[in-house]
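**Q** Those protein sequence lines, which keep their order, are chains A and B.
Following this note's numbering, the numbering of the first sequence begins with 3 at its first residue and continues without gaps.
Following this note's numbering, the numbering of the second sequence begins with 16 at its first residue and continues without gaps.
Honestly, I wouldn't trust all of these hints.
[Unchecked claim] In silico PhoX-like cross-links for lysine-lysine, where the CA-CA straight-line distance does not exceed 20 Å:
| no. | chain 1 | residue 1 | chain 2 | residue 2 |
| --- | --- | --- | --- | --- |
| 1 | A | LYS135 | B | LYS65 |
| 2 | A | LYS162 | B | LYS49 |
| 3 | A | LYS402 | A | LYS36 |
| 4 | A | LYS162 | B | LYS46 |
| 5 | A | LYS382 | A | LYS65 |
| 6 | A | LYS63 | A | LYS382 |
| 7 | A | LYS162 | B | LYS65 |
[Unchecked claim] One side only, chain A facing chain B, incomplete, derived with CB under 10 Å:
| no. | residue |
| --- | --- |
| 8 | TYR46 |
| 9 | VAL66 |
| 10 | ASP159 |
| 11 | ASN209 |
| 12 | PHE285 |
| 13 | ASP288 |
[Said to hold, decoys possible] Here are the in silico distance ranges between beta carbons for each label pair:
| no. | chain 1 | residue 1 | chain 2 | residue 2 | range |
| --- | --- | --- | --- | --- | --- |
| 14 | B | GLN62 | A | LEU309 | 17 to 27 Å |
| 15 | A | PHE200 | B | CYS45 | 48 to 58 Å |
| 16 | A | PHE380 | B | GLU32 | 19 to 29 Å |
| 17 | A | TYR203 | B | LYS46 | 50 to 60 Å |
| 18 | B | LYS46 | A | GLY274 | 16 to 26 Å |
| 19 | A | ARG276 | B | LYS49 | 22 to 32 Å |
| 20 | B | LYS46 | A | LYS259 | 38 to 48 Å |
Hints are computed from structural coordinates only; laboratory data are not their basis.
Using N, Cα and C, we set each Cβ at its ideal position, and we do this for glycine too.
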Amino acid sequence: MKKKYIVFGLLAVSSAYGFSQPAINPFPKKKISKSSIQIVYSQYIQDGNHSAITGGIGTEKLKVYAPEFIFRNEIDSANSYSVDAGVDVISSASLDNIDFIKSSASKVSSRVYLTLGYDRNLKNNRSLTWGAKGYFSIESAYTSLGAALSLNWTSPDQSKEFSAELEGYFDDLRWGRLNGERPLRLVYPVELRYRDWFSEYRRRSYNLNLSWQQTLNDRMILGFMPGISFQQGLLATPYHRVFFKDSSERVENLPDKRLRIPIGIQLNTFIGGRYILRSYYRFYWDDFGILAHDFSLELATKLNPKLTLTPLIRLYTQTAAAFFKPFRGADPAQPIYSSDYDLSAFTSYEAGLELRLAGFAKQRRGIYVSDLDFRYSFYKRSDGLYAHMLSTLIDLITRKKTKLKNFE
Amino acid sequence: MLNHYLFIRRMIMFGMEAAVFILFACACSCKSVKPYQRAYLNDEAMQVGKRPIEKLSSNAHNYREGASGGGKAKSSGGCGCN
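Bound-form chain B, shown alone (with noise of 0.2 Å):
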């Protein structure tokens, strides 16, 4: 059981690293977008930050997790003290 979660502690420092990579490669690579090739960028599914189908994972994780915010998640209002 604690290899299993030693597993998910690498995973995640990987991820990590590898958002990192990707943001810094990202960054370099910008370029301009006409409006006629907006087509996959305004699909719903690309939206930056939390959907309100996802509000109630994010309280949980808010309630349940030591972090909060991050992406427009609501850090207070309500005690999660159950």
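Bound-form chain A, shown alone (with noise of 0.2 Å):
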């Protein structure tokens, strides 16, 4: 009897207590919001003699300084965003001959960028996203708008992966609206300002770009990247000089419309425990009458679970187009022409090496070093262009959580 009336008492004390406090839920939901911050900061050296300014001779010396900034940030689970911003400060030996004027402005050129993104996980179906992205960049020579609409759908077993993007940019090749000059106006070399070359002076270019990721196996993933492309507008750059035959001199003139059909493949393989290949192959096909091969290897090599070294090698081969000509090889009766040797017949490899340190425990006010990335490589072209190519990442990650109210 005693027994009972402990229990009951014991009931009503522990029950009268609960009351009192306010419900407390063990489990409360929280916002996690993360943010990715990523730090790139890169390096091109180039040297050639085949500058397209002086009409397919002279020096094609170019120094890129190229710092960005790269900020990503996850509302939730489904929105994120994102904020790409960089400026390329170039150093260019062949712009000061459009004039020849060695002291001008044209000297140190800079161009300046901005892209933001935004991405959202469709409520009803996890598996599909879709993003928007804006566009902006300017430069001595250049100003360009561009945004894109993208979707990406993975499979439920994350297996298989679609996604689809198209994009759109409109260019203005007038000079002078980074240097504030009126009126804008599209640059011939010096000596052939006598008359305007070209009426049209924008571009557009439209984008497909397609990509089909399927996992095959535990180790080993494959990417189909077709794509298309179309260009319309001015697509001969106004300040390229063409030297032909007959000695005479005139300015570039390409067609006034391009189509191009890239198609990519990757396959990333785990050999063994250490070691990734990844390889990658592309097919390249366009109008002006270029075709194309690129192949690309790089072994990442885990030498500890935190540093992984990756050689790299790439081999490239094109057609000429159907118009280039060298210096003084173009006939003056021919309606186009282009002394550009990037639109040469050649060959050439990129030899790198990539280091990278990932896996950084330490945080400092709720910032973890994610990884740092380091990557050298030597490009080479049949036509003598060789370029030194550095570039430094620091990714940073931060989250932060937040109770949500309504669960509590």
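Since each chain sits alone in its own frame, please combine them into the complex, following the hints.
**A** Below you can see the structure in the form of structure tokens.
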């Protein structure tokens, strides 16, 4: 009997105590916002002897210093936005040869760009994501506005992924907007400014990029990336010279339309426990007459859990555009002509090394250093052009937890 | 020097044929992967497409070569006319 009273007494006390306290949810819902900050610094040093500005002869010496800042924030599990901003500081010897004034402002030019992006998971179908991007860039001879829409689908078991992106770029090739000069105009080589060579100054580009990614087994992923690109408007560069067989001189003239079809295939394979082989092949065709093959291999070698060393090699070959002619090789009767060696027949190779340090455990003020990357490569083209490319990247991650009031 | 570049051209053609063969062989050997078997697949180096550290190389290829696209690289929005 006494036991009964004790049990009822304990129950009464505990229930009274329980009702007097606010309800505590042992598992309150929290919103986790994750931010990633990537700081990239790149340097490009090039030299060669086939500048299109001087008609296929002359220096192609060029230096580009390119700091870039990429910020991506996952607001919650469904929404994220990104900001990508950067500056390319360009020091070009060949640009001076537009007017042959070595001390002109053209010697050091710059390009400033900004991309804003937004991605959203669809509520009813978490495997479907759509995104939108806006792009703006400006440099002394170029202003570009762009927009892109994308759609991404991932299968529930994550073995397949399909993405499609439609881009549009609307470019203005008139000189001077960055320098505040008026009126804006196309700039021609100094000795060819006696007439306006082009009435069109706009270039429009539309790209459709598709990607199909298939997991083949627990160590292999295959990517298939076809695309199609259409350009219209002023595709020539107004300050590229062409010297003809009869020693006359004109401004480069290209067709006003260009259709490009690239098809990329990538196969990534985990070989053993330490090596990842990234292999890539691209077939390319366009209606300028260029047919190109591009093949690259990267062997990521995990020296320890934090350090990855990746030697890389890339081989490339292309045929010449139908209207390409070297210095004093063009026929003055031809309507379309160019001495730009980027459109000539050549082969090229690139060899380099990448070092990646990852998995830093330490954090400071909620910021983790996710990884540090260094990449150097040497590029050589069969016409003699060569370049050194150096990039460094710091990847930082922040995580912020916020309790959701409605669920407390 | 010419032979050297002919060798590169032959290597690329060989790579292309090998890629087609590998693609066909791989497409025939798909098998389902459980979530707990994705440790290798989730590695950063296994991700398909270009990474931010490759952006400079991609831009240089776009500007210095006739070909572009085929792997999420931007194919306009800058003149690269230097």
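**Q** If you check each hint against the structure, which ones fail?
**A** none
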